[in-house]
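Below, each chain spelled out in residue letters.
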Amino acid sequence: MAFRALVQSFENLTIRRKVLYSTIVMFVFIGILSSIANWLIFIPSVIEQIQIQSMRVAHSLVTRCRPRILSNNLPMLTGILFQTKGMETGLAYVFVTDAKNQILAHTFFYSIPHGIEKANQLEPYEDEKVQLITVRGKSVYDTAVSIKEGLKKIGTVHVGVEKKPVDAITLQIGMTLTAVMLIIILLAGLLSSMVATYISKPLLRLIQAMNDLSAGKTQQLPRFFQKLRCWEVMNCTEDKCPVYQKDDLFCWLTGGILRHGKEQKSFPEKMEACHKCSVYKMQGENEIVQISNAFINIISTVQSAADKTKASEEKYRLLFNYDPNPLFVVNMDSGKILDVNDLATITYGYEREEMIEMSFEDLFDADEADRFWKELHHFPGKEYIFLPKVWARKKDGHHFFIDLHARVGKFQKIQNGGLALSLIVRTVDITQRLEREAQLTQASKMATLGEMATGIAHELNQPLNVMRVGADFLAKMIKRGQKVSEKQLLEVSCNISEQVDRASNIISHLRAFGRKSDLKVYPVDLNEPIRAVFTILGQQLKLRDIKVRLNLDKDLPKILADKNRLEQIFLNLVTNARDAMEAKGPKANKEITITTSQAGNRVMAVVSDTGTGMPDSIRQKIFEPFFTTKEVGKGTGVGLSITYTLVKDFKGDIDVESTLGVGTTFKLSFPVYQEKGGPHEEIVNH
Amino acid sequence: MKKSKLMNLGMISIAIMSLMMSCQRHPDQKDDTTSLGVTDTEILIGSSCALTGHASFLGTNYIHGALSYINRVNEKGGVHGRKIRVTVYDDGYDPPRCVFNTQRLINQDKVFALFCYVGTPTSVEIIPIVEESKIPVVGLFTGANALRNPFRKYIFNIRASYYQEIAAMVKHLVEDEGSRKFAVFYQYDAYGFDGLTGAELALKKYNLEPIARASYMRGTMDVEQALEKIVASGAEVVIMIGTYDPCAKFIRLARARDFFPVFYNVSFVGGNELARKLGSDGEGVIVTQVVPSPDTRALLPRVDEYCRLLEKYYPKDQPSYVGVEGFINARVLVRGLELAGRKLDRESFISAMESMEEYCTGIGHAVTFGPKDHQGLDTVYFSQIIGGKLVLVTAWHFAH
Numbered sequence: 005m006a007f008r009a010l011v012q013s014f015e016n017l018t019i020r021r022k023v024l025y026s027t028i029v030m031f032v033f034i035g036i037l038s039s040i041a042n043w044l045i046f047i048p049s050v051i052e053q054i055q056i057q058s059m060r061v062a063h064s065l066v067t068r069c070r071p072r073i074l075s076n077n078l079p080m081l082t083g084i085l086f087q088t089k090g091m092e093t094g095l096a097y098v099f100v101t102d103a104k105n106q107i108l109a110h111t112f113f114y115s116i117p118h119g120i121e122k123a124n125q126l127e128p129y130e131d132e133k134v135q136l137i138t139v140r141g142k143s144v145y146d147t148a149v150s151i152k153e154g155l156k157k158i159g160t161v162h163v164g165v166e167k168k169p170v171d172a173i174t175l176q177i178g179m180t181l182t183a184v185m186l187i188i189i190l191l192a193g194l195l196s197s198m199v200a201t202y203i204s205k206p207l208l209r210l211i212q213a214m215n216d217l218s219a220g221k222t223q224q225l226p227r228f229f230q231k232l233r234c235w236e237v238m239n240c241t242e243d244k245c246p247v248y249q250k251d252d253l254f255c256w257l258t259g260g261i262l263r264h265g266k267e268q269k270s271f272p273e274k275m276e277a278c279h280k281c282s283v284y285k286m287q288g289e290n291e292i293v294q295i296s297n298a299f300i301n302i303i304s305t306v307q308s309a310a311d312k313t314k315a316s317e318e319k320y321r322l323l324f325n326y327d328p329n330p331l332f333v334v335n336m337d338s339g340k341i342l343d344v345n346d347l348a349t350i351t352y353g354y355e356r357e358e359m360i361e362m363s364f365e366d367l368f369d370a371d372e373a374d375r376f377w378k379e380l381h382h383f384p385g386k387e388y389i390f391l392p393k394v395w396a397r398k399k400d401g402h403h404f405f406i407d408l409h410a411r412v413g414k415f416q417k418i419q420n421g422g423l424a425l426s427l428i429v430r431t432v433d434i435t436q437r438l439e440r441e442a443q444l445t446q447a448s449k450m451a452t453l454g455e456m457a458t459g460i461a462h463e464l465n466q467p468l469n470v471m472r473v474g475a476d477f478l479a480k481m482i483k484r485g486q487k488v489s490e491k492q493l494l495e496v497s498c499n500i501s502e503q504v505d506r507a508s509n510i511i512s513h514l515r516a517f518g519r520k521s522d523l524k525v526y527p528v529d530l531n532e533p534i535r536a537v538f539t540i541l542g543q544q545l546k547l548r549d550i551k552v553r554l555n556l557d558k559d560l561p562k563i564l565a566d567k568n569r570l571e572q573i574f575l576n577l578v579t580n581a582r583d584a585m586e587a588k589g590p591k592a593n594k595e596i597t598i599t600t601s602q603a604g605n606r607v608m609a610v611v612s613d614t615g616t617g618m619p620d621s622i623r624q625k626i627f628e629p630f631f632t633t634k635e636v637g638k639g640t641g642v643g644l645s646i647t648y649t650l651v652k653d654f655k656g657d658i659d660v661e662s663t664l665g666v667g668t669t670f671k672l673s674f675p676v677y678q679e680k681g682g683p684h685e686e687i688v689n690h
Numbered sequence: 004m005k006k007s008k009l010m011n012l013g014m015i016s017i018a019i020m021s022l023m024m025s026c027q028r029h030p031d032q033k034d035d036t037t038s039l040g041v042t043d044t045e046i047l048i049g050s051s052c053a054l055t056g057h058a059s060f061l062g063t064n065y066i067h068g069a070l071s072y073i074n075r076v077n078e079k080g081g082v083h084g085r086k087i088r089v090t091v092y093d094d095g096y097d098p099p100r101c102v103f104n105t106q107r108l109i110n111q112d113k114v115f116a117l118f119c120y121v122g123t124p125t126s127v128e129i130i131p132i133v134e135e136s137k138i139p140v141v142g143l144f145t146g147a148n149a150l151r152n153p154f155r156k157y158i159f160n161i162r163a164s165y166y167q168e169i170a171a172m173v174k175h176l177v178e179d180e181g182s183r184k185f186a187v188f189y190q191y192d193a194y195g196f197d198g199l200t201g202a203e204l205a206l207k208k209y210n211l212e213p214i215a216r217a218s219y220m221r222g223t224m225d226v227e228q229a230l231e232k233i234v235a236s237g238a239e240v241v242i243m244i245g246t247y248d249p250c251a252k253f254i255r256l257a258r259a260r261d262f263f264p265v266f267y268n269v270s271f272v273g274g275n276e277l278a279r280k281l282g283s284d285g286e287g288v289i290v291t292q293v294v295p296s297p298d299t300r301a302l303l304p305r306v307d308e309y310c311r312l313l314e315k316y317y318p319k320d321q322p323s324y325v326g327v328e329g330f331i332n333a334r335v336l337v338r339g340l341e342l343a344g345r346k347l348d349r350e351s352f353i354s355a356m357e358s359m360e361e362y363c364t365g366i367g368h369a370v371t372f373g374p375k376d377h378q379g380l381d382t383v384y385f386s387q388i389i390g391g392k393l394v395l396v397t398a399w400h401f402a403h
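Chains as they are written, first to last, in the numbering used here: chain A, 5 to 690; chain B, 4 to 403.
These are computed hints drawn from the structure, not numbers from a lab.
All C-beta atoms in this analysis are idealised placements derived from N, C-alpha and C, irrespective of residue type, glycine included.
Be aware that a few hints might be false.
Cross-link-like lysine-lysine pairs, in silico, DSSO-like; alpha carbons within 27 Å at most [as the list claims (entries may be wrong)]: (1) B/K137 <-> A/K142; (2) A/K655 <-> A/K558; (3) B/K319 <-> B/K86; (4) A/K652 <-> A/K524; (5) A/K591 <-> A/K551; (6) A/K625 <-> A/K588; (7) B/K113 <-> A/K142; (8) B/K174 <-> B/K232; (9) B/K208 <-> B/K252; (10) A/K634 <-> A/K671; (11) B/K137 <-> A/K167; (12) A/K671 <-> A/K625; (13) A/K524 <-> A/K588; (14) B/K346 <-> B/K79; (15) B/K113 <-> A/K122; (16) A/K168 <-> B/K137; (17) A/K558 <-> A/K671; (18) B/K207 <-> A/K168.
Chain A residues, not near chain B, derived (Cβ > 10 Å throughout) [claimed, not checked]: (19) L78; (20) T111; (21) L556.
Working from the sequences, and respecting the hints, build out all of it.
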């Protein structure tokens with residue numbers, strides 16, 4: 005188990021350490037092995053050599069001593085011994101004994117060690133012997149060789165070699181070897197460390213570069229080797245090589261490359277060709293360089309892609325964030341806000357972090373939120389939803405109107421491991437627009453009132469005149485002194501009452517008109533408001549010689565609208581027609597025709613006049629607010645735009661055709677009111 | 004990183020320690036033989052020299068010169084109350100015998116010190132013995148280089164070396180006489196080789212080298228072959244490293260062949276004996292000397308003393324250069340013993356010898372030793388055989 009743990013920890017080491025430790029272990033092992041070999045083999049052989057040398061010396065002495073022993077020339081013998089001792093290094097002593105083992109000559113000084121001639125005595129059958137003896141407390145190898153004359157032994161040569169120096173030599177050898185081994189280990193360690201560093205340094209730099217890349221730090225890519233300007237070497241041109249003049253990339257790593265006539269597209273045998281290229285050879289063989297260069301390539305590719313993505317992201321983030329309307333990204337399933345832009349936070353008064361926690365419907369009152377969801381879910385396949393005039397709520401509780409545009413996004417965000425479809429919502433603050441509309445409406449009302457005032461004046465004049473006539477008659481009768489009969493009085497008072505009723509009717513109509521319109525819409529017969537208009541304007545038109553033709557369908561289905569506003573529409577249209585025909589001149593034929601009918605599930609109303617008509621250029625702009633062809637002070641230009649809005653409020657359509665000099669025709673259509681499954685009742689504020 | 008640096012350091016230190024351990028040497032062992040040879044009353048001195056044989060003149064005269072002085076010293080009460088007793092063995096100028104004698108002197112006679120050894124081959128043999136047994140040697144009748152280089156702790160040389168002798172001679176011959184063609188006639192042994200080397204070294208200084216080298220075997224008179232060689236070379240000078248008998252024969256034969264180069268011998272030849280043997284044939288033969296001539300007794304008191312004492316103790320002997328040298332030897336030995344004091348042992352004796360500075364031996368030149376200087380004298384004298392007698396050179400002239 006411990007072994008496995010050891011292996012594991014070894015695996016985890018850096019390359020440098022691995023190489024270093026392995027090398028050291030290997031050399032230590034070698035060192036130990038060689039030391040063992042030394043002690044077991046080498047040193048014993050050294051000892052053996054020394055002993056062999058002693059034997060050789062002894063033998064040569066035998067030859068030289070023999071004649072001297074025979075002639076009993078002791079001085080010569082001594083001389084030989086000393087000479088030998090002087091010549092051979094490391095001899096402790098030399099001595100020669102006679103046949104009876106008495107010392108004849110020796111190289112001792114002061115005293116002969118006691119009993120030395122017996123210490124290594126040769127047996128009669130022995131010719132040579134080596135023995136370890138003790139001389140004066142020291143261990144000595146005594147080599148004894150017999151001196152023979154023929155077969156007869158005449159003496160013995162003894163050569164003594166101290167063991168201690170031998171030991172010292174062996175120890176010294178051992179020590180030297182050990183020291184050498186240690187130095188070698190040291191050097192090996194250093195060398196391997198250097199080699200390992202050489203290998204691992206570029207890798208570490210690479211790792212660093214890649215870590216930096218992951219951390220998002222763009223930085224100078226490490227240069228490992230001075231790159232050749234291969235385009236200069238190979239005479240490449242820019243259009244043919246994707247790495248032209250790019251120092252950090254290498255052509256053999258990129259896809260499109262020209263190769264002597266081949267098109268600029270990658271070809272499968274590319275690397276084969278690259279291996280033969282002189283530029284590749286100059287640079288590419290070293291594995292470290294290769295791997296480094298490959299990684300640099302990846303890094304620079306990734307970096308440039310990342311940069312592009314980042315730039316793109318920046319751009320779209322910019323668009324999202326700085327859109328002049330609040331933008332939301334809403335999870336379609338949960339209804340939670342996923343993302344908001346700056347204006348959303350500013351407009352609704354929340355912090356961005358707050359908004360991201362919220363549901364989208366938190367920005368509305370309950371019923372408005374319902375409206376939103378119902379719209380969303382009613383048309384499941386629908387990609388684009390538009391809700392006009394939604395009542396939104398800010399953080400401080402303040403409400404305001406928005407137009408809500410929503411679109412289902414293909415935007416897929418991974419949440420909790422899953423995918424979710426999102427809704428991109430834009431809310432447009434229409435407060436200003438509504439105010440303008442209100443202003444318009446107000447102006448229009450004013451205009452209408454103005455018109456109506458004129459009309460009413462005309463209308464009221466009549467009953468008043470009639471009343472005047474009656475009153476005048478009564479007055480005249482009384483002044484004349486004539487008697488007014490009961491019948492006449494009754495007639496006059498009935499007439500007056502009648503006219504008063506008529507006047508009241510007009511006034512109450514006006515009152516009804518002036519009353520703030522109800523919020524509600526309800527089923528209305530379109531013919532009624534049309535007829536109502538002529539109660540106001542009928543007289544006026546008659547006075548002006550304007551003929552009115554009404555073709556109103558008796559069985560006209562009801563529409564969902566409001567009487568007052570419908571009245572306003574037709575009032576506006578009729579007054580416009582009147583003005584257009586007046587402009588034509590007194591001799592012209594002035595005729596207004598209003599037709600109502602049903603066409604399919606639409607209720608149609610057509611208002612046609614024989615007025616001056618209008619050219620196309622004006623016709624296109626007719627519904628624009630404040631657009632008028634009348635003189636300053638005469639027309640406000642709001643009428644038709646209000647009309648347009650009102651028609652649209654009732655989900656109707658209005659269209660205009662005109663021929664210059666002939667006349668103009670307005671066509672209106674409204675959806676038929678259906679009891680069930682029809683358009684929802686809406687509450688539309690004005 | 005730090006950890007592996009520490010490891011490296013550890014390994015380095017282990018390596019260094021092992022290296023140091025492997026280079027360890029064993030310390031020297033102490034000896035207790037240093038006070039051998041000294042008793043209350045006596046100091047034992049030993050000598051082995053050529054008393055017989057072809058160099059007997061040298062050994063005899065040498066030891067007699069020494070003993071003359073020592074006898075005188077003993078007569079006067081000795082040194083610090085101790086008399087000097089000299090044991091002399093004859094080795095006949097034979098190296099093995101010399102060795103044998105020396106062993107005997109050390110082991111059996113148990114002498115305090117050795118002195119008056121004669122000859123190169125003999126003296127050179129005892130160098131290892133002397134060093135092993137740590138016994139001082141004072142004065143050897145040889146200028147062998149091996150006794151001087153390397154420095155030998157136990158050997159005290161008094162006479163100038165052969166190299167010095169030959170260098171002086173060659174200098175004079177080359178510079179003053181303009182000689183260029185030198186031949187060397189030498190004894191075929193350590194002595195002869197030493198002299199040959201000396202000659203070559205001396206000549207090298209002048210970008211010269213011997214034009215002929217020839218030898219003879221020690222103990223023989225076989226000089227003919229050598230003569231042939233040297234005659235054939237046509238040398239101007241023949242440097243001779245030999246003893247008186249073979250050298251005399253060589254010179255005589257050369258003259259017989261009408262070969263008249265300058266014959267130059269080193270001091271070991273035994274100039275006086277050479278002169279005696281050659282007679283008229285020896286005219287002009289030069290011998291370098293390392294001690295003054297006995298004829299200078301008038302000038303030098305010690306030389307005079309030698310002559311007187313020799314007369315007294317060895318009346319049969321004639322004063323000779325060799326004897327003078329022996330005499331001086333003994334004087335240096337005694338001086339050393341004196342300086343060592345009463346508490347005498349070998350080590351203190353050596354220290355005393357080494358402390359000897361400018362000791363006037365009475366020959367006009369002082370002997371100086373030091374802890375690294377065991378060469379006493381450096382003077383070389385020139386002598387020449389004129390009229391059958393060996394005389395000190397005052398003016399050069401060559402016989403033709």
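A quick look at each hint next to the structure:
1. A distance of roughly 20 Å separates the Cα atoms of B/K137 and A/K142; the hinted pair therefore holds under the 27 Å criterion.
2. Using a Cα cut-off of 27 Å, the hinted pair A/K655 and A/K558 holds, with the two alpha carbons roughly 22 Å apart.
3. Between the alpha carbons of B/K319 and B/K86 the distance comes to roughly 25 Å, so the proposed pair stays at or under 27 Å and holds.
4. Annotation: proposed proximity of A/K652 to A/K524 holds, straight-line Cα distance about 15 Å (limit 27 Å).
5. At most 27 Å may separate the alpha-carbon atoms for a hinted pair to count; A/K591 and A/K551 meet this at roughly 13 Å.
6. Note on A/K625 and A/K588: the hinted pairing holds, with a Cα-Cα distance of about 21 Å set against a maximum of 27 Å.
7. Distance check on the hinted pair: B/K113 and A/K142 sit about 24 Å apart at the alpha-carbon level, within 27 Å; holds.
8. Between B/K174 and B/K232, the direct Cα distance comes to roughly 25 Å. Compliance with the 27 Å bound is thereby established for this hinted pair.
9. Using a Cα cut-off of 27 Å, the hinted pair B/K208 and B/K252 is violated, with the two alpha carbons roughly 31 Å apart.
10. Distance hint between A/K634 and A/K671 is fulfilled; the C-alpha atoms sit about 22 Å from each other, no more than 27 Å.
11. This hinted pair checks out: B/K137 and A/K167 have alpha carbons roughly 23 Å apart, not beyond 27 Å.
12. At roughly 16 Å between alpha-carbon atoms, A/K671 and A/K625 fall within 27 Å of each other, so this suggested pair holds.
13. Among the hinted pairs, A/K524 with A/K588 is inconsistent with the structure: their alpha-carbon atoms are about 40 Å apart, more than 27 Å.
14. Note on B/K346 and B/K79: the hinted pairing holds, with a Cα-Cα distance of about 20 Å set against a maximum of 27 Å.
15. For the given pair, B/K113 sits about 26 Å from A/K122 by alpha-carbon distance, which is consistent with the 27 Å threshold.
16. The straight-line distance between the Cα atoms of A/K168 and B/K137 is roughly 22 Å, inside the 27 Å bound, and the hint therefore holds.
17. The hinted pair formed by A/K558 and A/K671 meets the criterion: a straight-line CA distance of about 19 Å does not exceed 27 Å.
18. For the hint pairing B/K207 with A/K168, the CA-to-CA distance comes to about 46 Å; that exceeds 27 Å, so the pair is violated.
19. Residue-level check failed: A/L78 sits 7 Å from the nearest beta carbon of chain B, not beyond 10 Å.
20. Distance to chain B contradicts A/T111 as a non-interface residue, since its nearest Cβ pair spans about 8 Å, not more than 10 Å.
21. No Cβ of chain B approaches the Cβ of A/L556 within 10 Å, the least distance being about 104 Å, so the stated non-interface status holds.
Of the numbered hints given earlier, the model fails hints 9, 13, 18, 19, 20; all others are met.
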